[in-house]
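S.K.: Chain by chain, the residues run as shown.
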Amino acid sequence: MRIAVFGNLMNNEVSDLTNQALCALKAYAKAVTLIVSDPVEEPIMLPCNELYCYSKLTGNDDNLIVRKMVEDYILMYKPDIVVIAMSCADQVIPKIALKCHYVSFLACNSLLLDGPTVQVAKNVYGGNASAHYQVESPLIMSFKPLKFKENFLSMKDTKIQISSLRGVYNKDRDDTEIEIINQDDLLSANFVIVCGMGVNNQEEINKIIAFSRKIGAAVGGTKKVIDHGWLPIHHLIGQTGHTISPKICLVLGASGATPFMNGILDSEIIVAINSDKNARIFDYADYGIVDDFKTVIIELERKWSGL
Amino acid sequence: MTMISCIKQVYDLDIVLKDDWLVSKDMTIDIDYANRVMNTFDEASLELMLRLCDYDETVSQVVTIGEKSSETMLRKALALGVTSAVRIETEKVYDYNPLLVAHLLKDYISGQMTKNIQIIFCGQEADIGNHGQTGQLLAELLGLPCISRVTDIKRFENAFRISHLVDGGIEHIMVDKPVLVTVTQSENKLLRMATLKASLEAKKKTIKIFTPNDYKDTSYSLKKLKINAPKNHCEFLENIDHQTKVDHLIKILKEKRKV
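Residue numbers (the numbering used here), protein chains in the order written: chain V, 1 to 307; chain H, 1001 to 1259.
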């Protein structure tokens, strides 16, 4: 069984997504080759059998470079399993799968190898259930991004191979513009306040934002809050937005729909405030307060300065 | 100019009761009592398409795959101002195979390619399978470029400015050739509501039925379906006044040495 993981290295350190993939596959480390297009300095120690480097592929079309890399590697080495541990995975995997006749899955929870049998698990029914698929063909997949904390044990000096494939791949047009959005605050915050529809309006959201600045917390919102335009898209927490893992996640006025919960389940503590005792959020929270969030926040703000 | 939006009718999972999340022997979950609604991402993509069609003579069409019961959703789209609606007829369920879904859509859409199709809209993902691949696969089968995670599209003379989420921000791309987009959530893209008059008129409109080829895929199979159970260990701070609740909350936070 040959497993190819396509990831990123920066200054010989793997990216978070690459780290997550290598940890998920650590039981099969001897069958894993990590493939990157970043420069590598020897020696390097990674939890895989080999490092393969496409350092001569350049240009500004990252997606096209990844496609060229993956398709070239598949043509040469025909790996049984390909894992794309990059943020462009959802865009390139289906295209590569069609071209190379691989089965494709995105955002998987786990991969299990049992002899020749390959099983992939991923969330279905909006995250309320998990489907386990048995795959008969070569597989190309990505893992669901998590804030992965595990450190892997490196093998001895990893063998490095450099590919001779050269190419410059640039975008068709040069008039694209990128609006940079700093999401570090939300993704790295230790304390996050998440607002649900129960917060009710923009004015209350603004008050919570002002309160969060006082206490050094970041603010996120559920899908319905974003749909209403009360918070911008990059504050979306949930299955199709960000997955966060702060020390404290304070959830205000959210019912606890599963797609949202999948975005906060990795939090160390979840505290929920909701006026409905039967709200699903309380099935997942560590602590619950059945009350109007406004009165709790006013009191919390008043006493916070005393901490 | 023509635009097509691919939409799917799904169950409203928010109203399914906690105790009804049970897997039966045939690996299905019986939630037939739940409302059928348009997939939320497809609502956002339909709204984007309608906004682009609001101010000129662009022809708009919605396409779905399913049984006759899905025509309710198509009539809702017609009531919102879509020019025509097509149902790709099949009794099979393709929730777990996005490639087969893409082939069925391609069978219909490839026959429409002579009609100056400018943009094909798909939602980013849909229940039940939540694969998030159908749009990208359809684009590849049709030989069209695909832009994923689209949040907004604006018309600029003979081109479109498409905004989509990328790592670290939003990229704005100018596009002047046919393209397929997969649409994600963004601010203020709630699907508009139809008037009563428009809804009544939509009931009289004809929905075109298309019969696709038959496709099979044996490359993988569903082996197990498991419910993701909640933790159920919530400690309630109750039967006390506001001030005491907050004192308890602050105490918990301090005890856990989180603050």
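In short, the hints are calculated from the structure, not lab data.
A quick note: this is a predicted structure, and the numbers were derived from the prediction, not measured.
Just so you know, not all the hints are guaranteed correct.
Unchecked claim - Heads up, simulated DSS-like pairs for lysine-lysine below, C-alpha to C-alpha not over 30 Å straight-line:
#, chain 1, residue 1, chain 2, residue 2
1, V, K207, V, K95
2, H, K1154, V, K95
3, H, K1197, V, K144
4, V, K247, H, K1251
5, V, K99, H, K1197
6, H, K1197, V, K207
7, H, K1197, V, K224
8, H, K1203, H, K1106
9, V, K171, V, K207
10, V, K95, V, K26
11, H, K1231, V, K294
12, V, K171, V, K159
Said to hold, decoys possible - Listed next, with one range per pair, are the computed distances between beta-carbon atoms:
#, chain 1, residue 1, chain 2, residue 2, range
13, H, N1213, V, E179, 27 to 33 Å
14, H, F1210, V, G216, 39 to 45 Å
15, H, T1206, V, G229, 22 to 28 Å
16, H, I1015, V, S164, 34 to 40 Å
A virtual CB, placed ideally from N, CA and C, is assigned to each residue, including glycine.
S.K.: Each hint should be assessed against the structure and marked as holding or not.
M.R.: Evaluation of the provided hints:
1. V:K207 / V:K95: violated (45 Å)
2. H:K1154 / V:K95: holds (26 Å)
3. H:K1197 / V:K144: Violated, because 45 Å separates the two Cα atoms, which is more than 30 Å.
4. V:K247 / H:K1251: holds (15 Å)
5. V:K99 / H:K1197: With a Cα-Cα distance of about 48 Å, the restraint between K99 of chain V and K1197 of chain H is violated, given a limit of 30 Å.
6. H:K1197 / V:K207: Distance of about 41 Å is beyond 30 Å: violated.
7. H:K1197 / V:K224: Given pair K1197 of chain H, K224 of chain V holds - Cα atoms ~28 Å apart, limit 30 Å.
8. H:K1203 / H:K1106: holds (27 Å)
9. V:K171 / V:K207: Roughly 43 Å separates the two Cα atoms, so the pair is violated.
10. V:K95 / V:K26: The hint holds at about 27 Å.
11. H:K1231 / V:K294: Roughly 27 Å separates the two Cα atoms, so the pair holds.
12. V:K171 / V:K159: violated (33 Å)
13. H:N1213 / V:E179: 27 to 33 Å: Cβ of N1213 of chain H to Cβ of E179 of chain V: about 43 Å, so the range 27 to 33 Å is violated.
14. H:F1210 / V:G216: 39 to 45 Å: Given about 57 Å between the Cβ atoms, the range is violated.
15. H:T1206 / V:G229: 22 to 28 Å: 36 Å Cβ-Cβ, so the 22 to 28 Å window is violated.
16. H:I1015 / V:S164: 34 to 40 Å: violated (58 Å)
Violated hints, in rising order: 1, 3, 5, 6, 9, 12, 13, 14, 15, 16; the structure is consistent with all others.
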